[in-house]
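Based on the provided sequences and hints, a complete structural model is requested.
As they're listed, the protein sequences go chains A and B.
Per numbering that gives the first Met the number 0, the very first residue in the first sequence carries number 0; after that it's consecutive.
Per numbering that gives the first Met the number 0, the very first residue in the second sequence carries number 0; after that it's consecutive.
These aren't lab readings, by the way, just hints derived from the structure by calculation.
Just to be clear, a hint being listed does not mean it is correct.
[What the hints assert, rightly or not] Capping the alpha-carbon separation at 30 Å, the derived lysine-lysine pairs in DSSO-like fashion look like this:
#1 B:Lys79 <-> B:Lys40
#2 B:Lys137 <-> A:Lys182
#3 B:Lys153 <-> B:Lys112
#4 B:Lys119 <-> B:Lys20
#5 B:Lys137 <-> A:Lys173
#6 B:Lys157 <-> A:Lys182
#7 B:Lys20 <-> B:Lys151
#8 B:Lys112 <-> B:Lys20
#9 A:Lys181 <-> B:Lys137
#10 B:Lys87 <-> B:Lys151
#11 A:Lys4 <-> A:Lys182
#12 B:Lys20 <-> B:Lys40
#13 A:Lys181 <-> B:Lys157
#14 A:Lys182 <-> B:Lys153
#15 B:Lys157 <-> B:Lys79
#16 B:Lys112 <-> B:Lys60
#17 A:Lys173 <-> A:Lys10
#18 B:Lys137 <-> B:Lys79
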Amino acid sequence: MLNDKQLDAIKEVANIGTGNAATALSGLLSSMIHMDVPETELVSIYELAEHYGDPLQTVGAVFVRSTGGFQCSLIFIQPEDDAGLMVELLLKQQFGTYIPINEVPQDLTDSALAEVGNIVLSSFLNSINMLLGTQHQISVPGVAHDMLSSVLDVVASIYGQMGETALMVNTELKVDGLSEGKKISGHIIMIPDPDSLGLLLRKLKVI
Amino acid sequence: MAENSIVLGMADLMVVNAPVKLVTLGLGSCIGLVVYDTFAKIAGMAHIMLPDSRGLHGSEKVGKFADTAVPAIIEEMLRKGASRPRIKAKIAGGAQMFSLPGASPEFLTVGAKNVNETRKRLQRLGIAIIASDTGGNKGRTIEFSTSNWMLKVKTLGKGISEI
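Have a look at this one:
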């Protein structure tokens, strides 16, 4: 079980990772990105979805697996509408003109969403690996559109193999400067493998 | 008689008398297992998360693992007055939420392992699986009603089916 000092240290690392992710996303979308201070908390695996919102809410999520010196799984998760707006914004950047998302085939919008997730998550990871002095390889991203509860089953099943508590490193990014009434937010969730968590805590000198 | 709805959370396991509606929301790789005896008018549901409890310490919820949930729910059915040859089962869930091209980590395929282990454990106890809706890559919300002993399965983008 992790103590408060360790959770704080992980939070600081997540803060650096999120800063890097926000910078990368800002460059991709040519928009200002606002970031929240990350949360690191221990959550019961039986109540993950309730902890983060409405279990039945539809979300768009991008999953990647990172291997190498610091092994972990990462998910970039957004309310479905926010994911749609994010893709529209990206397509507008790429094509120079506004394209309503429902006029674009889903495989194209999914690959745009995967690209956003990939850039956010790999920038997050880059700064952690730089801090640790480790090398990493990141998998091709996987995309899902589904109920929050179903998506978080992935997290529950990873931690469920080890016990009943999940270490949730969770941080929120928001795109600024949208027209009134619109918002885009997204959460980064990091799930370090047990060995990698040990490595991180040793490096931070909190173990 | 009106049916009360009972919503089961992760790793919950419950056996109750009819009339009742048993509900589980947003199953991803998890399994919703339903067992029932229409003569004794008893039904049970379990929200199973993982295939097997081996290597883990004892104090956890029995509903969490297929290898502990299946014997526990059948035992509870019998204790409440069900007869083993009359008990039937239906299962839903076990999706793979994310697929990565190339080598996927093992935990992403836990849904299929949950389905296999649940089936194997039911077969070992001689319980017939009457219907199932498992696998794929979409989450499911399920509702079992003792008014018709049907399991309603809602899948995002695919609508509702009854099995």
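Structure-based check of each hint:
no.: 1; hint: B:Lys79 <-> B:Lys40; result: holds, 10 Å
no.: 2; hint: B:Lys137 <-> A:Lys182; result: holds, 26 Å
no.: 3; hint: B:Lys153 <-> B:Lys112; result: holds, 22 Å
no.: 4; hint: B:Lys119 <-> B:Lys20; result: holds, 26 Å
no.: 5; hint: B:Lys137 <-> A:Lys173; result: holds, 27 Å
no.: 6; hint: B:Lys157 <-> A:Lys182; result: holds, 28 Å
no.: 7; hint: B:Lys20 <-> B:Lys151; result: holds, 11 Å
no.: 8; hint: B:Lys112 <-> B:Lys20; result: holds, 27 Å
no.: 9; hint: A:Lys181 <-> B:Lys137; result: holds, 28 Å
no.: 10; hint: B:Lys87 <-> B:Lys151; result: holds, 16 Å
no.: 11; hint: A:Lys4 <-> A:Lys182; result: violated, 34 Å
no.: 12; hint: B:Lys20 <-> B:Lys40; result: holds, 12 Å
no.: 13; hint: A:Lys181 <-> B:Lys157; result: holds, 28 Å
no.: 14; hint: A:Lys182 <-> B:Lys153; result: holds, 29 Å
no.: 15; hint: B:Lys157 <-> B:Lys79; result: violated, 36 Å
no.: 16; hint: B:Lys112 <-> B:Lys60; result: holds, 19 Å
no.: 17; hint: A:Lys173 <-> A:Lys10; result: holds, 18 Å
no.: 18; hint: B:Lys137 <-> B:Lys79; result: violated, 34 Å
Of the numbered hints given earlier, the model fails hints 11, 15, 18; all others are met.
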